[in-house]
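Keeping their order, the protein sequence lines are chains A and Z.
Each residue of the first sequence is one higher than the last, beginning at 444 in the working numbering.
Each residue of the second sequence is one higher than the last, beginning at 29 in the working numbering.
The hints are simulated quantities; they were obtained by calculation from the structure and are not laboratory data.
Some clues are possibly wrong.
Derived lysine to aspartate or glutamate pairs resembling EDC-like cross-links, with alpha carbons at most 20 Å apart [what the hints assert, rightly or not]:
| # | chain 1 | residue 1 | chain 2 | residue 2 |
| --- | --- | --- | --- | --- |
| 1 | A | Lys544 | Z | Asp90 |
| 2 | A | Lys544 | Z | Asp124 |
| 3 | A | Lys512 | Z | Glu127 |
| 4 | A | Lys467 | Z | Glu127 |
| 5 | A | Lys549 | Z | Asp101 |
| 6 | A | Lys549 | Z | Asp87 |
| 7 | A | Lys512 | A | Asp528 |
| 8 | A | Lys544 | Z | Asp101 |
| 9 | A | Lys544 | Z | Glu127 |
| 10 | A | Lys492 | Z | Asp128 |
Negatives, chain Z to chain A, calculated, CB over 10 Å [to be verified]:
| # | residue |
| --- | --- |
| 11 | Ser35 |
| 12 | Lys39 |
| 13 | Thr43 |
| 14 | Gly44 |
| 15 | Gly81 |
| 16 | Gln84 |
| 17 | Thr97 |
| 18 | Gln99 |
| 19 | Phe103 |
| 20 | Leu105 |
| 21 | Ser112 |
| 22 | Thr114 |
| 23 | Glu127 |
| 24 | Thr129 |
Beta carbons are placed, not taken as given, at the ideal position from N, Cα and C, and that holds for glycine.
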Amino acid sequence: AQSVTQPDARVTVSEGASLQLRCKYSSSGTPYLFWYVQYPRQGLQLLLKYYSGDPVVQGVNGFEAEFSKSNSSFHLRKASVHWSDSAVYFCVLSADTNAYKVIFGKGTHLHVLP
Amino acid sequence: EAAVTQSPRNKVTVTGGNVTLSCRQTNSHNYMYWYRQDTGHGLRLIHYSYGAGNLQIGDVPDGYKATRTTQEDFFLLLELASPSQTSLYFCASRRDWGEDTQYFGPGTRLLVL
Chain A
444 AQSVTQPDAR VTVSEGASLQ LRCKYSSSGT PYLFWYVQYP RQGLQLLLKY YSGDPVVQGV
504 NGFEAEFSKS NSSFHLRKAS VHWSDSAVYF CVLSADTNAY KVIFGKGTHL HVLP
Chain Z
29 EAAVTQSPRN KVTVTGGNVT LSCRQTNSHN YMYWYRQDTG HGLRLIHYSY GAGNLQIGDV
89 PDGYKATRTT QEDFFLLLEL ASPSQTSLYF CASRRDWGED TQYFGPGTRL LVL
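Given the sequences, and given the hints that come with them, work out the whole structure.
Below, the structure written as structure tokens:
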């Protein structure tokens, strides 16, 4: 069975601090992994995605994520957060079995203190 | 950038009412999706489609119908709305499967009284 787990429903950090949002996945096929961000009162936007190659992928606004097959993880990182990064972040899995569907984690609500 | 639009943006109806939510994408994407977003549940897939006339059942289909009339247009129908269907609804499109990105509309907020 395919699944995505984001263990932290809410994360609070101070502006300028580093950030890691955790994501664990389970997939029977080759995983395609995404991070999306949802700013208040908006739809979801792609931050970055991984499907092969270098396990560290760069995204928009200074975000990066590292894929680990051995740990079944795809954690999101940022070296220094800004108050405008406050949003909900979703980890998403698309696998090559039943590939039409995508599976969302429940999201992590990031609150950046100014 | 792919464009996905939704209408209406806000809708209020009464229990038992009939509601149609509309979604249009203008990028000739093959796949379109309807999700609902509720606190504590993230996004849950209602229905999806991989072309005009095609419909696939999602994870929470009860109480919802959907129809893909053209490549561009995907409709979500609530024929007997219930308060449990009060939610934020998102439509998304995607060119193909695998590593292709989903593009989301701005959402429709539905309140069923």
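Verification of the supplied hints:
no.	hint	verdict
1	A:Lys544 x Z:Asp90	holds (18 Å)
2	A:Lys544 x Z:Asp124	holds (11 Å)
3	A:Lys512 x Z:Glu127	holds (17 Å)
4	A:Lys467 x Z:Glu127	holds (18 Å)
5	A:Lys549 x Z:Asp101	violated (28 Å)
6	A:Lys549 x Z:Asp87	holds (14 Å)
7	A:Lys512 x A:Asp528	violated (28 Å)
8	A:Lys544 x Z:Asp101	holds (19 Å)
9	A:Lys544 x Z:Glu127	holds (12 Å)
10	A:Lys492 x Z:Asp128	holds (9 Å)
11	Ser35	holds (14 Å)
12	Lys39	holds (16 Å)
13	Thr43	holds (26 Å)
14	Gly44	holds (29 Å)
15	Gly81	holds (15 Å)
16	Gln84	violated (7 Å)
17	Thr97	holds (19 Å)
18	Gln99	holds (16 Å)
19	Phe103	holds (18 Å)
20	Leu105	holds (21 Å)
21	Ser112	holds (19 Å)
22	Thr114	holds (17 Å)
23	Glu127	violated (4 Å)
24	Thr129	violated (5 Å)
Hint check: violations occur at hints 5, 7, 16, 23, 24; the rest are consistent with the structure.
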